[in-house]
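Chains as they are written, first to last, in this note's numbering: chain A, 1 to 230; chain B, 1 to 420.
Derived from the structure by calculation, the hints contain no laboratory data.
Mixed in with the good hints, there may be bad ones.
[Stated by the list, open to error] Derived DEER-like restraints, expressed as beta-carbon distance ranges:
no.	chain 1	residue 1	chain 2	residue 2	range
1	B	G305	A	A208	27 to 37 Å
2	A	S130	B	L10	20 to 30 Å
3	A	G14	B	L387	44 to 54 Å
4	B	I398	A	G14	55 to 65 Å
5	B	H379	A	Q118	54 to 64 Å
6	A	Q60	B	L387	30 to 40 Å
7	A	A208	B	A11	54 to 64 Å
8	A	G14	B	L10	51 to 61 Å
9	B	G305	A	D135	44 to 54 Å
10	B	L387	A	P67	50 to 60 Å
11	B	E316	A	D144	40 to 50 Å
Built from N, CA and C at the ideal position, the CB exists for glycine as well.
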Amino acid sequence: MSLRIEDLSFSWPGQPEPLLKCPELHVKSGEKVFLQGASGSGKTTLLGLLGGVLLPQRGQIFVLDTPLHKLSAPERDRFRADHIGFIFQMFNLLPYLSVMGNVLLPLRFSREKQKRLQREAEEEAQRLLSSLGLDSVSDRQVQDLSVGQQQRVAAARALIGAPELIIADEPTSALDADSREAFLELLFTEISRSRSTLIYVSHDPGIASVFDRNLSMHTFHSDLQKDPSS
Amino acid sequence: MKYSVIGLSLASMNNRRLCTFLCMFSIAMSVALLIGVQRIREGARESFNNTVSGTDLIVGARTGPVQLLLYSVFHMGNPPNNLSWHSYQTFSQHPEVAWTVPLSLGDSHRGFRVVGTDEQFFRYFRYGQEKQPEFCNGQRFISADDVVIGSDVAKKFSYQLGMKIILSHGISDVSFHDHDDTPFRVSGILCKTGTPVDRSLFVNLAGLDAIHHDMDHSHGASSGHHHHHHDKEDIQPSSVSAMLIGLRSRTTVFHVQREINHYTQEALTALMPAMTLSELWDIIGIAEVAMFIVSLFVVFAGILGMLSSLLTTLNERRRELAIIRSLGASPADLFLLLLSESLLLGLGGCLMGMLLVYVALWIFHPLAESWWGLSIPVHLPNMTDALILGGVLLLSTIAGCLPGLKAYRQSLSDGLTIRI
Ligand SMILES: Nc1ncnc2c1ncn2[C@@H]1O[C@H](COP(=O)(O)OP(=O)(O)OP(=O)(O)O)[C@@H](O)[C@H]1O
Ligand SMILES: [Mg+2]
Numbered sequence: 001m002s003l004r005i006e007d008l009s010f011s012w013p014g015q016p017e018p019l020l021k022c023p024e025l026h027v028k029s030g031e032k033v034f035l036q037g038a039s040g041s042g043k044t045t046l047l048g049l050l051g052g053v054l055l056p057q058r059g060q061i062f063v064l065d066t067p068l069h070k071l072s073a074p075e076r077d078r079f080r081a082d083h084i085g086f087i088f089q090m091f092n093l094l095p096y097l098s099v100m101g102n103v104l105l106p107l108r109f110s111r112e113k114q115k116r117l118q119r120e121a122e123e124e125a126q127r128l129l130s131s132l133g134l135d136s137v138s139d140r141q142v143q144d145l146s147v148g149q150q151q152r153v154a155a156a157r158a159l160i161g162a163p164e165l166i167i168a169d170e171p172t173s174a175l176d177a178d179s180r181e182a183f184l185e186l187l188f189t190e191i192s193r194s195r196s197t198l199i200y201v202s203h204d205p206g207i208a209s210v211f212d213r214n215l216s217m218h219t220f221h222s223d224l225q226k227d228p229s230s
Numbered sequence: 001m002k003y004s005v006i007g008l009s010l011a012s013m014n015n016r017r018l019c020t021f022l023c024m025f026s027i028a029m030s031v032a033l034l035i036g037v038q039r040i041r042e043g044a045r046e047s048f049n050n051t052v053s054g055t056d057l058i059v060g061a062r063t064g065p066v067q068l069l070l071y072s073v074f075h076m077g078n079p080p081n082n083l084s085w086h087s088y089q090t091f092s093q094h095p096e097v098a099w100t101v102p103l104s105l106g107d108s109h110r111g112f113r114v115v116g117t118d119e120q121f122f123r124y125f126r127y128g129q130e131k132q133p134e135f136c137n138g139q140r141f142i143s144a145d146d147v148v149i150g151s152d153v154a155k156k157f158s159y160q161l162g163m164k165i166i167l168s169h170g171i172s173d174v175s176f177h178d179h180d181d182t183p184f185r186v187s188g189i190l191c192k193t194g195t196p197v198d199r200s201l202f203v204n205l206a207g208l209d210a211i212h213h214d215m216d217h218s219h220g221a222s223s224g225h226h227h228h229h230h231d232k233e234d235i236q237p238s239s240v241s242a243m244l245i246g247l248r249s250r251t252t253v254f255h256v257q258r259e260i261n262h263y264t265q266e267a268l269t270a271l272m273p274a275m276t277l278s279e280l281w282d283i284i285g286i287a288e289v290a291m292f293i294v295s296l297f298v299v300f301a302g303i304l305g306m307l308s309s310l311l312t313t314l315n316e317r318r319r320e321l322a323i324i325r326s327l328g329a330s331p332a333d334l335f336l337l338l339l340s341e342s343l344l345l346g347l348g349g350c351l352m353g354m355l356l357v358y359v360a361l362w363i364f365h366p367l368a369e370s371w372w373g374l375s376i377p378v379h380l381p382n383m384t385d386a387l388i389l390g391g392v393l394l395l396s397t398i399a400g401c402l403p404g405l406k407a408y409r410q411s412l413s414d415g416l417t418i419r420i
């Protein structure tokens, strides 16, 4: 099991009603899940919970069978560094590093990801960039790339070190339809290769069909069961 | 992890090169100023304390040591009383005394003091590190109407060797007692010493007495005729303002000092120059402390400048910090990232500041020596410098905690939301 959520409830400080409520959710290893929800429905917040950056007020989150809610803050940071790759909506890259520097960045934070490399780090980065259609850009400054190219670099960064879970937060929302499809295709090829699980959130239902499973943010707005103690 | 964070802050600083450089430079300037002021203080104190060196005792009529030092060495104020020629003679023949130099003050030339002395002055007077006043031109006075002038005097009035100048009695610029009838001939011009010697004129004691004699005469015989022709060499001074004493052995200095202070025939004061000079420095040294405090504030300003620029960029870097956070950095790592940036800025500023100090010393050391006779010490960084640099590093570290803490709190409240 890659992901298991039970009895979850989360609200930001000052919010009267919980933003996210989810009695139960299971995601199998290697599944590619599409999670659709309107703007403001709490998609990014949910990903923060899965990444261990946020803690729920109530409930349990198991990622790769690890109970995130039981880990200390540094343990959750370590876990995120070792097992998860993130892709964000836009401006994913650090402007002061080269393309190569950006792709190699997660390895600086995780020995685990370094160990999973099957070849030299740079070779692997180059391979990922090539397979994502970015053969000749590795020494370029990231500002010089188009938005679509930048998102593919971000994908390469999420994929390096083959983390078990890839979390993508609307990575294609700034792309046109053609490059969106091309991006997804390349991403899927690489994810199948590393057999990672993918959680992909977007407000755009148009791409849902290519995923193994579709979820709606409504799943996270359902009422919880009564607290067993009461 | 920690290592990677420092690497990132280096890359990020390199990306904001101009800002980084300006920050470092403003710290460097303030560090250079502080250390420079420190060096000048050292140099000024050193050269002040060496206004007279090699002289073991200065003796004058009974008065406070600081006052005696002021009029005998700095030519400021007037001797309350003179020292009789008899006492002068007695102590110059004292068995422990190696040499004595008489000083007779109270006359001036266009605002500069005239010092009556004898050839012993040029043989024994020392300043700085046992340096002897040197002649840039000419030589010491030989006849009673020769005058040796200090470098500032020569420069101010463009006096040349052989020129005739008029000395006047009293110390005001406009004297009623100019004596056109006793002109003195410039026989020598001294080189710059950076001491009151530069602002003085030296005449033979006998010559000085001749002026006074002449004057007394003309006033006393206001209705009669004037005697213009004295045999100046014949005149014995009746008293002098002060005397410098060099001892055969330093170890007897306290003994001789006590003996002079308890001399029964005349009330006298003997002082040890080094001691009284540093006493005097403690009084006038307030200015240097003020200078030091001002430069401390400049350092604070430099660090505050760095702080404000770090805090400003922090908003632009919120996205960057969220990305780093998603890669597994903890809020503590982000704190460390910003802390290391200000530490690196402080470190760079310190190194650059030291470089500036040595470049400035290299340029200004010879100039300060020739302009003000001030020798600024050139040496490797010493304990004081280390303290200053350590203090600046500490301050920039403390300052760095503020943006660090802000980044820490931001990263906790933002989660993975990337804010623009
Ligand atoms: N750091 C935060 N502090 C407080 N409230 C927050 C924070 N981040 C998000 N929220 C609130 O939580 C709600 C959901 O925000 P979130 O960013 O998760 O939505 P989203 O589904 O990702 O939206 P979008 O599609 O626009 O990215 C919003 O109402 C927002 O105001
Ligand atoms: Mg979002």
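We went through each hint and held it up to the structure:
1. G305(B) to A208(A): 27 to 37 Å: Because 53 Å falls outside the window, the suggested range is violated.
2. S130(A) to L10(B): 20 to 30 Å: Cβ of S130(A) to Cβ of L10(B): about 29 Å, so the range 20 to 30 Å holds.
3. G14(A) to L387(B): 44 to 54 Å: 48 Å, holds
4. I398(B) to G14(A): 55 to 65 Å: 32 Å, violated
5. H379(B) to Q118(A): 54 to 64 Å: 58 Å, holds
6. Q60(A) to L387(B): 30 to 40 Å: Because 56 Å falls outside the window, the suggested range is violated.
7. A208(A) to A11(B): 54 to 64 Å: Violated - the Cβ-Cβ distance for A208(A) and A11(B), about 39 Å, lies outside 54 to 64 Å.
8. G14(A) to L10(B): 51 to 61 Å: 38 Å, violated
9. G305(B) to D135(A): 44 to 54 Å: 45 Å, holds
10. L387(B) to P67(A): 50 to 60 Å: Holds: the Cβ-Cβ distance is about 52 Å, inside 50 to 60 Å.
11. E316(B) to D144(A): 40 to 50 Å: 20 Å, violated
Checked against the numbered hints given earlier, the structure breaks hints 1, 4, 6, 7, 8 and 11 and satisfies all the rest.
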